[in-house]
Amino acid sequence: MLVRWRGAHEALHPVVRFGWLGLAGLVVLGGGSLAFPAQAQVGHAAPSAETSSSLGVLAFSAEEIGRILSHGPWPPALAHSPARDPGNALSGRPQAVALGQRLFFERRLSPAGVSCAHCHRPEQDFADGLARSRGVAELDRNAPALWNAVHERWQGWDGAADSLWSQAIRPLLDPREMASSPEHLQAQMLRQPSLAAAWRHVFGRELRTEDPQTVLVGTAKLVSAYVATLVSPSTPFDAFRDALARGDQVAAARYPLAAQRGLQLFIGRGNCQLCHGGPRFTHGEFADIGLRFFVRPGVVDAGRHGGIEALKASPYNLLSRWADPAPPGQPDEAVKTRHVEASHRHFGEFKVPGLRQVARTAPYMHDGQLATLEAVVKHYSELNLERLHADGEQVLSPLRLSPQETQDLVAFLHTLTAPAPARSKVLQPKAQQPKSLNRVATR
Amino acid sequence: MKPGLAAAVLALLAPLLTSVQAVAASCGEQLPPAHRVLVEGNGQGRSEPAGVTVAFVPDPAPWAVSRHFALRGQLCGAGRLLRVDADMPAHRHGMNYRPTLSLQPDGHFVAQGLLLHMPGRWRLRFEIEVDGRRHWLDHSVDLK
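Chains as they are written, first to last, in our numbering: chain A, 52 to 494; chain B, 18 to 161.
Hints in this document: simulated from the structure, not taken from any laboratory. Please note that a few of the clues may not be correct.
[What the hints assert, rightly or not] Residues from chain A that face chain B, not an exhaustive set, calculated with beta carbons under 8 Å:
#	residue
1	Ala113
2	Arg297
3	Leu325
4	Gly328
5	His334
6	Glu336
7	Ala385
8	His390
9	Val391
10	Glu433
11	Leu436
12	Pro449
13	Arg451
14	Leu452
[Unchecked claim] Stretch-level coverage of chain B by chain A, calculated; a stretch enters the list once three of its residues show a Cβ under 8 Å from a Cβ in chain A:
#	stretch
15	80 to 93
16	102 to 116
17	132 to 144
The structure displayed is predicted, hence computed values, not measured ones. Backbone N, C-alpha and C define an ideal beta-carbon position, used for all residues, glycine too.
Modelling step: build the complete structure from the supplied sequences, incorporating the hints.
This is the structure we're talking about:
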């Protein structure tokens with residue numbers, strides 16, 4: 052339920068106005084029930100000010116606070132850190148990460164001069180800002196930002212890859228993207244003595260004696276070792292969430308009230324949290340949300356159904372000989388691949404994207420058909436149920452949001468984005484371009 | 018039925034009932050007790066089998082949203098476990114994964130590959146064959 056606003060002092064709960072106890076402590080002690088009314092019901096006018104330092108914190112219920120806390124902490128606490136690309140023994144190895152970073156920006160991996168960074172630009176949060184991405188030719192889908200990709204269960208809008216490295220093979224070979232080949236990769240890297248030396252250092256083998264298929268997979272694993280390091284920074288939402296967790300009223304009150312109202316919608320009436328749950332704001336699976344899925348007249352994007360078929364047929368999935376075994380003590384990484392199964396309802400489903408850095412990664416949806424966050428919220432507000440498949444998610448229904456609610460939800464989504472341009476700790480593409488590569492580039 | 022006859026029937030059945038209850042209570046007793054779930058078929062409803070109990074634990078425990086897990090357990094009673102599945106009746110969808118089942122002669126089983134991808138009420142389903150007929154034993158799990 053949304054707390055509607057008439058005046059700040061009226062809407063604030065007495066706990067907020069007259070002394071605020073640690074909410075997290077109350078939740079723990081109270082076993083899920085706070086000692087004050089769950090909601091403050093007031094009028095409908097917009098707030099006059101959005102700085103919450105003088106206005107406080109909405110009266111979130113114990114259940115709401117539990118839901119808010121479930122979106123963190125960020126970065127996630129992992130049993131095995133850093134996060135590892137499944138089936139990739141190079142993941143987490145510093146030399147592999149450094150070499151993978153060089154290859155990520157290396158245009159000569161493609162005969163057409165298209166690098167990974169062509170569509171995944173660091174200055175654009177590792178997306179490209181286009182509705183449909185363009186490599187050698189225009190593609191059918193939007194280039195997703197690469198933040199936190201290592202935490203994804205499935206890669207790509209249709210989840211056709213079960214690891215970062217197997218995902219990286221597709222654009223390398225796709226004639227519309229980088230249009231490369233195993234032989235081209237090997238030849239180009241052999242022309243760079245520093246790359247050949249780095250390969251020897253990482254793999255302990257000579258690049259020139261490698262089988263081209265091994266070079267292809269090795270290149271993909273190197274690039275993915277780098278991509279696996281791209282974890283998005285902490286956001287204003289995280290500061291609010293952590294303040295709630297430790298009962299810090301001063302810090303929590305810095306979170307804008309519009310964002311708090313939007314958050315309350317997100318975890319409440321909006322039902323957004325059902326799919327956009329957890330610290331990454333996604334459950335990592337797929338959904339049909341009534342989007343247009345015609346690629347062009349007469350051509351349909353099968354979405355997840357096609358993705359599962361491609362995954363099963365891939366010679367590079369986690370069940371293949373190319374997948375490295377999981378380190379001792381880690382769970383079976385291929386369990387998802389063994390058990391996923393296509394069914395009719397997967398037609399028209401696309402991956403539920405994580406929402407971190409979402410304000411900087413427009414346009415939205417699998418083909419970039421929605422240009423702004425406002426358009427995304429409007430889509431859910433005016434959802435056309437006839438576009439959903441017969442057995443689409445029962446949880447979806449038009450939200451019929453008021454203009455104020457729309458603004459609040461958008462304000463909340465903006466707080467999932469770090470205010471400063473986000474930069475990876477290891478991201479220094481120009482500085483790390485070796486001189487030998489620059490020389491060749493000018494030929 | 019005359020009261021005397023009813024009492025006699027109950028007296029005859031009492032040891033059997035006690036025995037069945039004991040079997041149900043001890044089913045899967047080697048499983049970690051903190052997370053052990055017992056689901057006993059009482060023959061009510063159209064499909065629930067009588068005299069069959071399923072004991073199981075999630076692995077890893079506890080239940081979590083959107084995390085792969087296995088169910089380790091035991092089927093007790095005169096039945097055969099055919100399939101393990103899960104769905105969200107309120108949302109009209111199941112899992113995106115089909116679990117695989119490995120069975121041992123003593124009724125122990127491991128179902129692998131389950132993943133409950135949303136918060137809310139899930140229904141774990143155990144398809145069991147008893148006397149040539151197929152039944153379902155269900156157990157609800159509320160995920161937050």
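What are the numbers of the hints that this structure violates, sorted from low to high? 1, 2, 7, 10, 11, 12, 13 and 14
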